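Number of protein chains: 4
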Amino acid sequence: MNDSNFPGRIRLGMVGGGEGAFIGAVHRIAARLDDRFELVAGALSSRPDAARRSGLALGLAPDRVYADYAEMARAEAARTDGIEAVSIVTPNHMHAPVARAFLEAGIHVICDKPVTTNSADARMLRDLARERGRLFAVTHNYSAYPMVRHARKMVRDGLLGEIRVVNVRYAQDWLAEPIEQDGQKQAAWRTDPARAGGGAIGDIGTHAWQLADTIVGQPVEALAAQLNSFVPGRAVDDDVQVLLRYGGGARGMLWASQVAPGHANDLRIGVYGSRGSLQWAQETPDDLLWTPLGEPTRIVRRGTAAANEAAARVSRIPGGHPEGYLEAFAALYGEVAAHLLAARDGRPAPPDVEFPTIEDGLRAVEFIEAVQASGFAGGAWTALTSGT
Amino acid sequence: MNDSNFPGRIRLGMVGGGEGAFIGAVHRIAARLDDRFELVAGALSSRPDAARRSGLALGLAPDRVYADYAEMARAEAARTDGIEAVSIVTPNHMHAPVARAFLEAGIHVICDKPVTTNSADARMLRDLARERGRLFAVTHNYSAYPMVRHARKMVRDGLLGEIRVVNVRYAQDWLAEPIEQDGQKQAAWRTDPARAGGGAIGDIGTHAWQLADTIVGQPVEALAAQLNSFVPGRAVDDDVQVLLRYGGGARGMLWASQVAPGHANDLRIGVYGSRGSLQWAQETPDDLLWTPLGEPTRIVRRGTAAANEAAARVSRIPGGHPEGYLEAFAALYGEVAAHLLAARDGRPAPPDVEFPTIEDGLRAVEFIEAVQASGFAGGAWTALTSGT
Amino acid sequence: MNDSNFPGRIRLGMVGGGEGAFIGAVHRIAARLDDRFELVAGALSSRPDAARRSGLALGLAPDRVYADYAEMARAEAARTDGIEAVSIVTPNHMHAPVARAFLEAGIHVICDKPVTTNSADARMLRDLARERGRLFAVTHNYSAYPMVRHARKMVRDGLLGEIRVVNVRYAQDWLAEPIEQDGQKQAAWRTDPARAGGGAIGDIGTHAWQLADTIVGQPVEALAAQLNSFVPGRAVDDDVQVLLRYGGGARGMLWASQVAPGHANDLRIGVYGSRGSLQWAQETPDDLLWTPLGEPTRIVRRGTAAANEAAARVSRIPGGHPEGYLEAFAALYGEVAAHLLAARDGRPAPPDVEFPTIEDGLRAVEFIEAVQASGFAGGAWTALTSGT
Amino acid sequence: MNDSNFPGRIRLGMVGGGEGAFIGAVHRIAARLDDRFELVAGALSSRPDAARRSGLALGLAPDRVYADYAEMARAEAARTDGIEAVSIVTPNHMHAPVARAFLEAGIHVICDKPVTTNSADARMLRDLARERGRLFAVTHNYSAYPMVRHARKMVRDGLLGEIRVVNVRYAQDWLAEPIEQDGQKQAAWRTDPARAGGGAIGDIGTHAWQLADTIVGQPVEALAAQLNSFVPGRAVDDDVQVLLRYGGGARGMLWASQVAPGHANDLRIGVYGSRGSLQWAQETPDDLLWTPLGEPTRIVRRGTAAANEAAARVSRIPGGHPEGYLEAFAALYGEVAAHLLAARDGRPAPPDVEFPTIEDGLRAVEFIEAVQASGFAGGAWTALTSGT
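Residue numbers (the UniProt record's numbering), protein chains in the order written: chain A, 1 to 388; chain B, 1 to 388; chain C, 1 to 388; chain D, 1 to 388.
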């Protein structure tokens with residue numbers, strides 16, 4: 001029998017992600033892919049029947065299938081083989097209370113983004129995680145793509161020189177029509193201000209901001225935004241356009257849209273420095289375009305000799321064998337596992353392990369709030385003091 | 001002997017474009033490509049020796065090689081076989097006086113862009129052209145690409161529904177270093193405020209604006225801009241980022257940069273409507289991506305059955321035989337020729353002939369001025385009342 | 001505790017795939033990704049120490065870590081909780097004896113390709129699998145990509161009309177230099193005729209053949225081949241070029257190369273019929289180009305409404321969230337699991353489940369042998385009677 | 001008046017290319033684009049009325065509009081301002097008699113391809129051109145693309161090492177249906193064995209061969225071909241697939257098809273050597289992919305610092321301003337002009353001037369004949385002794 005106490009794996013629980021959910025299944029695959037987690041408990045739905053069906057379908061032991069997250073936190077904390085970490089994949093407005101319950105029970109947290117629907121909650125969680133000494137990872141999953149890691153390291157190593165321009169976008173088309181009015185489940189909560197805390201800016205704009213943030217490493221100091229709601233009857237923004245002033249001198253543009261026909265999940269970035277540029281697109285994630293100033297553009301590919309060690313660390317198979325969204329998500333889980341396995345043994349985390357934390361999650365929520373503030377003020381320039 | 005009075009061709013003169021110039025040679029090829037113009041006179045340089053050498057090298061008759069544009073206007077107007085139109089390809093600050101001289105001599109004008117270095121001059125030229133009843137074309141050449149014509153017609157025919165988002169950029173890298181300080185001729189005048197009237201915004205931002213303008217057909221009503229000058233010692237902007245509010249409800253972003261390594265001449269646009277989208281990139285101009293909402297993206301190609309009549313009108317050879325920059329520039333000249341040949345015969349211009357005029361040139365200069373005003377005011381939103 | 005007897009999962013063993021192996025790790029991820037297999041036993045290496053280290057590192061119970069595959073077959077067959085299926089991921093020459101041992105023990109087989117190093121062995125395995133009534137899957141993994149399934153269905157549904165031309169290639173560059181002489185493990189056995197049974201034709205040409213075979217559905221009746229060995233000192237072919245005559249009237253070309261710089265794993269195919277064409281490339285697997293004759297090319301994308309049900313069955317996440325090599329490999333494992341879970345319950349396999357079997361594996365080996373025969377005969381046309 | 005005797009231009013005549021022709025108009029634009037030719041005479045059609053209308057529409061003097069090519073050759077040879085060169089753009093079967101007439105009149109010849117419909121005629125023309133000391137250029141126009149020149153030079157300079165594999169194709173779709181039976185003029189003569197001398201192999205396969213030939217510089221020594229005629233009722237091949245053995249050790253594949261939906265004019269080549277590879281596609285001709293072995297692929301672009309001098313010589317405008325089919329055709333005309341202008345002055349041709357000659361044209365016809373011989377013999381390997 002395959003032992004769930006095998007020391008090579010972290011015992012994991014999940015809140016949310018039951019029948020019909022999208023991101024819960026993604027987290028489960030991500031946790032499983034590299035075999036560093038074993039899902040052993042869950043409160044997969046707030047509806048008891050659905051919670052039970054979902055848990056059993058995943059092979060959970062019946063006594064570890066919960067309908068209530070607070071009960072789950074208490075019960076698992078009391079077991080000797082209780083979960084070590086919990087993945088929170090509920091709609092956004094539930095992240096804060098759930099995360100709080102598990103942190104208070106001494107359980108590490110892996111939480112979907114945006115981490116909360118307001119910065120006060122995010123600050124509360126940050127303080128609580130610090131106080132309890134628990135890990136709090138936020139799944140800004142796009143930052144774990146190998147070639148994003150490659151890009152980040154190139155910028156840090158100065159290979160692009162001084163960064164001048166950042167151009168990032170995240171374009172989708174799935175909300176180009178008012179499908180939330182027809183009961184589409186994903187659309188319904190993601191366009192509900194109460195449950196989502198914002199529209200395109202929170203759902204995907206935050207990913208775009210974070211992608212730029214992780215690569216460029218400069219804080220945004222001010223921004224001006226157009227917050228658009230194009231689809232009739234929609235209660236949140238479905239398109240947002242932002243000018244950015246970075247603290248290190250870079251200037252940027254960010255576009256996030258869910259009403260852009262022809263773009264399924266088109267997150268892409270260009271970073272332009274005094275010595276060269278990088279271009280990367282999430283839909284073809286294994287390739288990074290690098291142009292050293294005055295030379296031909298190079299197609300730097302994951303899994304080849306040209307990929308640097310930061311990329312190689314989170315890569316599994318050779319170049320030309322495409323890795324995708326699930327692999328990157330799994331890489332983020334792998335980073336968390338490396339940290340937790342080390343912590344369990346009292347070792348320091350391996351060097352170079354990195355993942356977005358509640359600090360980054362807080363800054364993301366502050367960015368969302370600044371964009372909303374600017375948008376509601378007719379696009380006025382709005383200062384941003386991050387992470388305070 | 002091939003007769004320069006062959007009625008199928010317009011007798012053309014040129015001011016500027018002598019030895020070492022880039023855009024003058026482009027205009028000459030464009031005029032010649034479809035065999036509708038015959039270059040017969042020129043003041044190709046303000047330096048008499050250079051003017052003479054340049055004219056003779058082009059096969060001009062010695063008595064029609066001029067060193068002074070004003071003398072050329074007078075002399076050609078007096079000849080029975082004098083030029084019918086003049087192409088003005090000098091640095092920007094000379095456009096206005098040269099155009100004025102030829103208009104006053106009753107000669108049609110084809111002028112490079114931006115048409116003037118300030119809107120007052122553009123307004124003066126507009127009024128003068130109206131008063132004298134002369135044609136005044138401005139070579140916003142990118143609007144003559146066949147698939148831009150195709151796109152324009154699709155939008156006008158309502159195939160994209162209501163336009164929501166416009167995303168246009170024009171990125172280059174040739175000014176990423178201060179080459180103007182090393183005497184590079186093109187760089188020198190284009191980064192000199194006195195001769196250019198602006199930097200990236202005037203040189204290429206104006207093309208980006210015009211491309212969006214010709215396709216979308218909505219006026220920009222307000223904008224907010226970051227006007228950046230990244231290269232040390234540079235006297236003009238070399239990068240500009242703009243948020244746009246269109247009069248018809250669309251919202252847009254424009255990025256023009258001359259310091260973006262990896263982009264040679266990357267003018268591209270995405271237009272997103274309620275029923276579908278279009279994407280076009282100047283560096284692969286024969287293909288237009290069209291996504292009808294909810295359907296796969298189609299690659300619509302110039303020279304095939306899928307290209308509409310607006311594209312076919314300005315296309316020469318079958319799909320897969322790439323046409324490029326010179327062909328599009330020639331298409332613009334072809335439109336002017338069609339107009340002038342009809343006018344010469346007292347016929348109305350053929351239906352569907354179109355080219356940017358001094359009205360468009362004026363609006364382009366007003367756009368430049370608004371971007372500069374916003375940029376100098378820290379990115380403040382600036383209203384734009386065009387073409388008045 | 002997570003029960004390895006959870007009925008939703010197949011109990012799996014593995015032979016080969018220990019330390020330093022590539023494809024063994026791929027099979028394990030593929031088996032795990034969709035949570036339909038639990039790896040519970042293994043003979044991961046023929047060296048006892050390596051077998052033990054590898055097994056324990058994967059969390060196998062010590063008593064189910066074997067050094068000898070024959071002992072493993074016997075021991076597992078004797079357990080009530082013994083493995084239901086075995087994955088064989090050894091070098092090619094060991095496939096036949098290992099598969100035979102497990103079939104004779106009544107255990108289902110999942111075997112890497114080429115299934116054997118000669119067709120006599122493949123025929124023996126086919127007969128044995130039939131006789132014992134065991135499933136025998138061959139991991140021609142590329143056939144499980146969603147858009148390959150889409151393509152296959154389109155051809156079967158007649159949407160391309162009569163198939164005229166098939167153009168398939170599989171180009172790599174990792175053997176462009178004699179790295180096998182420097183002890184690179186993968187290169188060493190793959191270029192050893194005794195262990196590999198052939199070079200590029202067996203390692204990747206067989207994938208190319210199978211990709212065409214699964215989409216086009218016509219048998220190859222004759223072929224002419226150039227079997228090249230470009231790298232000095234290499235004992236097997238590293239490049240092969242083949243003309244193909246299909247039984248249904250199509251004509252084709254196949255190129256497989258391991259000495260083509262610039263190609264990492266560039267498997268791609270074009271299929272041209274009287275009513276349209278399809279083009280697909282493994283390095284960007286989510287997109288399929290479909291050109292209905294006389295119309296623009298469409299980019300049909302996995303995970304969107306345009307993907308047909310054959311694609312949707314083996315797809316997990318929405319379009320624009322790229323799936324890759326591991327997902328396709330997992331899809332093949334998922335098909336096998338669906339078949340085995342049904343068989344375990346005495347149900348028929350779900351409709352539409354499909355995976356390459358020993359019949360396909362045999363035909364692949366016959367193809368390899370025909371290419372070798374033609375190549376050794378100076379490229380002579382060679383008839384091919386498949387699957388007999 | 002613009003003097004047709006301007007010494008900077010060659011006086012040119014044309015045979016064929018009247019109303020409704022495609023390639024004649026292309027030759028005229030190509031001759032005109034760089035202003036090194038002046039078209040002054042023509043026998044544009046064998047039908048007198050059409051010849052007259054076509055000539056006058058082009059602005060030719062009435063006395064230099066001919067209905068008979070032989071008369072034109074005589075009359076022009078007798079004029080002091082007679083044509084120096086003639087462009088022959090008739091259907092293929094007329095190339096030989098027309099070229100002969102002009103060579104015998106002492107006039108240089110520029111002839112479309114394939115230069116003749118059989119190698120005996122080509123040999124006759126070669127001998128005649130030698131004997132009369134006249135230039136005989138064959139418009140294998142694709143060899144004049146700047147990045148083809150770049151590629152050719154790289155191979156010659158040894159930057160790719162020893163060439164191993166050549167993969168070339170030319171795929172079109174315009175003959176996927178029997179449009180010749182509906183009177184389409186281009187289709188009618190190109191699918192008529194008497195006028196075309198072959199089908200896809202002659203019309204486009206010859207271009208593919210020549211592209212490989214000019215870059216690789218090794219003679220084909222033997223080949224095996226499938227010569228297919230897929231469209232019902234078609235009298236010539238519409239698809240051909242060839243294995244190639246080069247004299248220098250390279251092995252190759254060539255595919256030419258006019259029944260491949262989705263390909264408009266998709267001529268492309270990959271050349272793989274021991275030190276790296278090149279890939280080029282005619283539909284995006286400004287970019288050449290260069291992969292030095294073991295390094296990332298580089299996108300080498302025309303008009304940038306990375307393009308070598310062989311590319312720069314035949315390039316006009318900066319990178320990112322796309323040049324296309326007409327520019328490359330014009331570059332070939334420019335090479336001929338450079339040669340003729342030097343010859344007129346008694347100077348040697350400038351170094352590096354190169355264009356396909358009757359020697360190349362003869363070898364192309366020999367290649368066609370060998371492919372046809374192999375195809376008619378069921379794909380048998382056929383030796384090829386070129387240029388004898």
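In case anyone wonders, no lab produced these hints; they're calculated from the structure.
Source: prediction; values computed, not measured.
Ideal Cβ placement from N, Cα and C applies to all residues, glycine included.
A hint or two may mislead.
[Stated by the list, open to error] Pairwise CB distance ranges (calculated):
hint, chain 1, residue 1, chain 2, residue 2, range
1, D, A281, C, R195, 52 to 62 Å
2, D, A281, A, D345, 26 to 36 Å
3, B, E104, A, G249, 42 to 52 Å
4, A, E162, B, E104, 31 to 41 Å
5, C, G158, D, A281, 26 to 36 Å
6, D, G247, B, A349, 51 to 61 Å
7, D, E131, C, Q181, 55 to 65 Å
8, B, P48, D, A305, 48 to 58 Å
[Stated by the list, open to error] Computed list of chain D residues with no C-beta within reach of chain B, every gap over 10 Å:
hint, residue
9, R9
10, G59
11, A343
Checked hints:
1. A281(D) to R195(C): 52 to 62 Å: Violated, at about 39 Å.
2. A281(D) to D345(A): 26 to 36 Å: Given a distance of about 55 Å, which is not inside 26 to 36 Å, the answer is violated.
3. E104(B) to G249(A): 42 to 52 Å: For E104(B) and G249(A) the Cβ distance comes to about 49 Å; the hint holds.
4. E162(A) to E104(B): 31 to 41 Å: violated (50 Å)
5. G158(C) to A281(D): 26 to 36 Å: For A281(D) against G158(C), whose Cβ atoms are near 31 Å apart, the range 26 to 36 Å holds.
6. G247(D) to A349(B): 51 to 61 Å: Holds - the Cβ-Cβ distance for G247(D) and A349(B), about 60 Å, lies within 51 to 61 Å.
7. E131(D) to Q181(C): 55 to 65 Å: The hint (55 to 65 Å, Cβ to Cβ) holds, given that E131(D) and Q181(C) are roughly 57 Å apart.
8. P48(B) to A305(D): 48 to 58 Å: With Cβ atoms ~34 Å apart, the hint is violated.
9. R9: violated (7 Å)
10. G59: At roughly 4 Å from the nearest Cβ of chain B, G59(D) sits no farther out than 10 Å, so the non-interface label is violated.
11. A343: Non-interface label on A343(D) holds, nearest chain B Cβ at 20 Å vs cutoff 10 Å.
Consistency note: the structure conflicts with the earlier hints numbered 1, 2, 4, 8, 9 and 10.
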